[in-house]
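From first to last, the protein sequence lines are chains F and E.
Under our numbering, the first residue of the first sequence is numbered 1, with each subsequent residue one higher.
Under our numbering, the first residue of the second sequence is numbered 1, with each subsequent residue one higher.
Worth flagging that the hints you see were computed from the coordinates, not collected in a lab.
The structure presented is a predicted model; accordingly, all values stated were derived computationally and were not measured.
The reader is advised that the hints may include incorrect statements.
Coverage of chain F stretches by chain E, computed from C-beta distances (three or more under 8 angstroms per stretch; other residues unrestricted) [unchecked claim]:
#1 32–43
#2 46–54
Lysine-lysine pairs mimicking PhoX-like chemistry, simulated, CA-CA at most 25 angstroms apart [stated by the list, open to error]:
#3 F:Lys67 to E:Lys100
#4 F:Lys189 to E:Lys191
#5 E:Lys281 to F:Lys34
#6 F:Lys185 to E:Lys114
#7 F:Lys139 to E:Lys114
#8 E:Lys89 to F:Lys170
#9 E:Lys19 to F:Lys170
Derived Cβ-Cβ restraints for the label pairs, each shown as a range [claimed, not checked]:
#10 E:Glu254 to F:Lys35: 35 to 45 angstroms
#11 E:Lys216 to F:Ile45: 34 to 44 angstroms
#12 E:Glu275 to F:Ile45: 13 to 23 angstroms
#13 E:Asn228 to F:Lys34: 49 to 59 angstroms
#14 E:Glu275 to F:His69: 40 to 50 angstroms
#15 F:Val38 to E:Asp230: 21 to 31 angstroms
#16 E:Pro129 to F:Arg124: 46 to 56 angstroms
#17 F:His69 to E:Lys144: 31 to 41 angstroms
#18 E:Gln8 to F:Lys34: 40 to 50 angstroms
#19 E:Lys281 to F:Pro168: 22 to 32 angstroms
#20 F:Gln131 to E:Glu254: 39 to 49 angstroms
#21 F:Pro168 to E:Asp53: 39 to 49 angstroms
Where is the CB? At the ideal position from N, CA and C, for every residue including glycine.
Residue strings, one per chain:
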Amino acid sequence: MKEEVIFKNIARHIKLDEEEKKYFQTILLYKQLKKGEVLLNYGEICTHQYFVISGCLRNYSIDEYGKEHIMMFAAPDWWTSDMYSYVTGLPSEFIIDALVDTEVFEIRKTDMDKVYEQIPKFERFFRILFQNAIVNNSKRINSSMSAPAEDRYQAFIKQYPNIYQQIPLKYIASYLGISPEFLSKIRNKIAHS
Amino acid sequence: MKTRSVQQVTVATQVQMGKDFIYQPFPSHQLRQVDPFILLHHWGPYQFPANNDALALDSHPHRGFEPVTFIFSGEVWHRDTMGNNSIIKDGGVQWMTAGKGVLHSEMGTDEFHKKGGTLEIIQVWMNLPKRLKMTEPNYQGFQKDSIPVVNQYGGKVKIAVVSGKVDDTTGPIKSITGISAYTIYMDANSKASIPTNANKNAMLYMLDGSAIVNGKKIEQGRSAITFNNDGTEINIEASEGSKFLYLEGEELKEPVAQYGPFVMNTTEELHQAFEDFQSGKMGVLND
């Protein structure tokens, strides 16, 4: 059962009884995406939270010279969304698409708001999730400003242990803000050390 | 002739573009656009040593507007899916009409990479009206010696006419929207007089120097000066050596939807542009 994966994820921070699980299950929308399929396009309003069951999503923007800037990957067992658009109700400046065939659960914002009322412990669950996201983001900003690319790559491997070997090099390079050629050199250096 | 009153002076902010820092007076919070000009990027001046990797804008698409590069110093190697392969040196211009879609790359030249030197360029995005957004793509590249110069103030002011007309001198670029574009070089203690069309929007960008423009002191370089449409003349008094780019065009008054390298009228048209690019409809530019 696909739902088991998400309940296991939730059980890390809160305990749900059978009634609560049953209710939560009713708001989960299962979706399959083909490689390259867009889940959220720029200019659209983000009205969902996404949980990745399998595959991998990326959240990115594109600059004026066509260069892609990857903000984050969402591997299996990760939650993702465009929080800016989700919270403000304004059009998204990002694109979320599938790097490989991917399965997700979507939860509508309106349903999520009801869950907070019906099962208040979900407030705790998402507080912890958002806390972790803020910590990760500030670490990423700090390291992108000050840490050498090799350290940033090591941090990436640690953060994404299950996907770093499956994602094409160019996407990892974009996430790290370096050229694929430079990333190749770093990988060779690590392999030979 | 009545002078145009200065509307606003906007100093460019620094923006990180990959590994480079560039200067962008607009779009910004202070100045969204100067219709029909929607973006101005000022690169440099950067001093590159020998064996450098200056300017590496690999193959990328555009649709719905005209990206135009003015080369003040250095060289830019342009290639595109129309088959153009063109190196333009300082004083020259690369004027691309992206129209319905084209891929191009803008790179430093092998010679510049090897020898090093100063690179200073400005890229301006000139919007196309709805009726021309899907026009056939085109590229016009001109070197400095093909761009006529109007001398003023005993030769202390040189106005290079890229497109449009100053007195009896006409620029080589054929603008499909009637854009006028001049680069203006002024020696210290000189005066220039730029004739403008009162019905069109006009702007000056001062790359460097110090000047008074229609009575307004421009305190620092990298400033965009916009004007009200209440006169036909712009007078510049330069107290030190100063460089300007003058742009003039008809206001489109159309909705602007821009994301990444595309400029259309609606979000749906932007999504279509991405689809067409990703499915190869804009062509493929091999390295």
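Checklist entry - Of the numbered hints stated previously, which ones are contradicted by the structure, given in increasing order? => result 2, 4, 7, 8, 14, 15 and 21
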